[in-house]
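Protein sequence lines, in the order shown, are assigned to chains A and B.
Residue numbers for the first sequence follow my numbering, beginning at 1 and rising by one.
Residue numbers for the second sequence follow my numbering, beginning at 311 and rising by one.
No lab work stands behind these hints: they were computed from the structure.
Idealized CB from N, CA, C, for every residue including glycine.
Errors might be hidden in some of the hints.
[As the list claims (entries may be wrong)] Quick partial rundown of chain B residues pointing at chain A, CB under 7 Å, derived from the structure: (1) Ser429; (2) Ala500; (3) Glu510; (4) Val522; (5) Val530; (6) Gln544; (7) His547; (8) Gln610.
Number of protein chains: 2
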Amino acid sequence: MPDATQRTATIIGAGTIGLGWTTLFLAHGLRVRVNSRRADAERIVRDGLALFAPTLPGGAADPAELATRLEVQPDLKRAVDGADVVQENAPEDLDLKRQIFAQVVEAAPEHTLLLSSTSSLLPDDLGADLRDPARVVVGHPFNPPHVIPLVEVVASERADAALVRRAEDFYRAVGKAPIVLARSVPGFVANRLQSALLRESIHLVRSGVVTVAQLDAVVVNSIGLRWATVGPFQAFHLGGGPGGLRHWLAHLGVGLEAGWRGLGEPPMDETTVRTLVDQADDAFAGRTYPELVADRDARQLAVLRALAGS
Amino acid sequence: MPDATQRTATIIGAGTIGLGWTTLFLAHGLRVRVNSRRADAERIVRDGLALFAPTLPGGAADPAELATRLEVQPDLKRAVDGADVVQENAPEDLDLKRQIFAQVVEAAPEHTLLLSSTSSLLPDDLGADLRDPARVVVGHPFNPPHVIPLVEVVASERADAALVRRAEDFYRAVGKAPIVLARSVPGFVANRLQSALLRESIHLVRSGVVTVAQLDAVVVNSIGLRWATVGPFQAFHLGGGPGGLRHWLAHLGVGLEAGWRGLGEPPMDETTVRTLVDQADDAFAGRTYPELVADRDARQLAVLRALAGS
């Protein structure tokens, strides 16, 4: 549980990411104010709790119990009044987010942690209108934030080390696995890795080696299992035997570069998109979106709980 | 359990891959002959069974019980006499493997499935010295073969469809998840995907965004968990909401290509290798190779069993 100095969080935005954070923070005992100007915000937030509370990795929570610490507040300044933490989840629009943070600092206490879920904007830009532009820290979750442990923490190079540590400590206190990037890079880390694998996946489907369904089956039955267990460097470190990564690179380092030159660079043209979409229609035919989501979530939770217990 | 027509398997080679297959095939009730000319082959195979039998995903097996169906046979022709299946695991040397298959067909029955664990050679080349060069089928496992489900099945374009189906059925009968590639491509599928992700991983470490240990933590806590559960296409299909992959590509397809242009192309020079090796030494300091392997295997089995049960 977060320490006594971080007991009240404000969630800006009631989309999927905001609702995931809301559920998670409430489940860890925080009081949460959700800021949204949507007329049906109360209902949306209650529906979100009902949807997400059963799939918390630590065990299902009672949405009614969570709601006892919840407030929906359409006014931004009132929403951040007295908040220890603000987690912003507005659309990926730099001007909008800058305006939001400029308003937040007028009403929030001096000690408030200013966090943004942005996947693409840089912390210096988000804080550009503030007296201390380095005060905004990116805390980018991997969707859905109440389930997947990773939070990429990205701060301005001029940010105080103590501020970054506070952000990291906060995420750890609500059960996340924060990773602090030494510097910001477009797409941060997880999405860049995902993008690299997706490029080769699309290339292999486009060139007719495997179908969309087969490509997914390859991943789920090999590298996915492996990387849920150990990361790529540890996998190769162990693949190198007792000599470790040193031995592995000495034997395969040159082959790596040759292999990289042979990887695909598929164009995302009409043919590519049509091939992917048609094969996806085939692959997922006969199962509805809610069925597929429920199946994914059940498997995801089974994996997370198995890893927590092992 | 394999049907009555495939009850005897010959494993050529008593390295790690050969021993993994041996343990798996014995656990599925096959009689197994291991062909190795090493003087201490009997001991190596018994040690392999003792090491691998506890980590079979279906549950630990008794090595002594498995050994009742085991024979070690140093003579290749005697080893394949009457075999229903041959799984070859010799070093990645085309001439050597061609010679092996040429000898195998002289002594094995007409119906014997000829399978190769090669990760880099093509089926047509492996069978080049045979009357029917399309008879050899690649069955490339993901290490270790007794644990990880994937087998990439790669056949000659001139291979009979019934032959490919027999190979696929055989692997399914011993609990594997065979994927038949429509055509062969260097590195097949899983290793190409792995290589694409590793390139970007090395780039991010080399450019100082994250350390080796952090990169591994990012993967294990996000995309690894996801891809143990659903493949990349299904993940984006669900990420697209009820509109699926079609909706997702319509909104993000162009951004994908721009992102790919920004991915790294790290040189595997001395600086890169030293950075990786030094950071790996830090990351894995204080834990021995057997400790790290035991930890990986325990987590791997926990994930596999959780997925089998969900």
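Unsatisfied constraints (hint numbers, rising): Violated hint (a single one): 1; every other hint is consistent with the structure.
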